[in-house]
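Novice: Here are the chains, one letter per residue:
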Amino acid sequence: MFDLTGKRALVTGASGGIGREIAKALAAAGATVALSGTRVGALEDTAREIGKDCPILPANLSKLDEVDKLVPAAEAAMGGLDILVNNAGMTRDNLFMRMKDEEWDEVIAVNLTAAFHLNRAVLRGMMKQRFGRIIGISSVVGVMGNPGQGNYAASKAGLIGMNKALAHEVASRNITVNSIAPGFIASAMTEELNDKQREAILSTIPANRLGTAQEVAACAVFLASDAAGYVTGHTLNVNGGMAMI
Amino acid sequence: MSDVADRVRKIVVEHLNVDGEKVVEKASFIDDLGADSLDQVELVMAFEEEFSVEIPDDAAESIQTFGDAVSFLTKAVG
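Chains as they are written, first to last, in full-length UniProt numbering: chain A, 1 to 245; chain B, 1 to 78.
Just so you know, these hints were derived from the structure itself, not from any lab. Incorrect hints may have been included.
[Stated by the list, open to error] The list that follows gives simulated cross-link-like pairs (lysine-lysine, DSS-like), each with its CA atoms no further than 27 Å apart: (1) Lys128/A to Lys22/B; (2) Lys69/A to Lys128/A; (3) Lys128/A to Lys75/B; (4) Lys128/A to Lys10/B.
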């Protein structure tokens, strides 16, 4: 339904979880997908699962010199770039009163500043070709807040605001900029929850289950497609009804 | 008419979709030729490519008219 044949995408944080599923889904829709992340072995696993030729571009997004090489490398490998998915993210949870400057800075650097640099870097090519799709993976936490995650919530809310501002600037050039805010998604992390924790979480979700990475990836495919050409500055909440906003 | 001016005019005409006769020395990209601020950034990008030069931000801001662009680029490619 959503054909991405001939499109070239870059996905950060493609080594696992949601990022890997997004990369797989974009590739399945026909796109060529460059995979970035910190763990080369895991990126190679993603490429193997995709089963097509995928440029593998390792980068540590807490280092701006590595961030700034990423888009030129992706454009060189694929002859241009049509779709950017800022998926990479990290947490350093702590109660606000105890949060250290380093914990704040590191989360903002990877989740927000790296996305700013990558967004800025893709604009020249996208403006010239009069086509672009920028997608930021935010979080329900950026919309609602969460105790112990002041840094993470700020970074994810920041991503939404940044993408809306950019959406204003480049809409006339046929570039859309959107965010996806997943709720609780089944992952290695949620598998470690005990039954009681699990119950507590599920009681807040009308759908009464965790989401899947595939359900987030499907939204990314839609936003990347021609079908979503009139959707920009939007935040797509994928949370089983946990926050209806 | 210099070669630089011809090349600049061609870019302006193509990019802003205006009549070449309107692209005169004092013509302001924004006030006279209908450009918005993003068009201006794109024009500078196009000049950079056409002339293989890098135009720093403060210089880019000073390029408001066709004449500004021609004189800057004439010096830059000197």
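Novice: Run every hint past the structure and note whether it holds.
Specialist: Here is what the structure says about each hint:
With a CA separation close to 24 Å, the supplied pair lysine 128/A and lysine 22/B stays within the 27 Å bound. At roughly 20 Å between alpha-carbon atoms, lysine 69/A and lysine 128/A fall within 27 Å of each other, so this suggested pair holds. The suggested pairing of lysine 128/A with lysine 75/B holds, with an alpha-carbon distance near 26 Å, which does not exceed 27 Å. For the hint pairing lysine 128/A with lysine 10/B, the CA-to-CA distance comes to about 17 Å; that is within 27 Å, so the pair holds.
Of the numbered hints stated above, none is contradicted by the structure.
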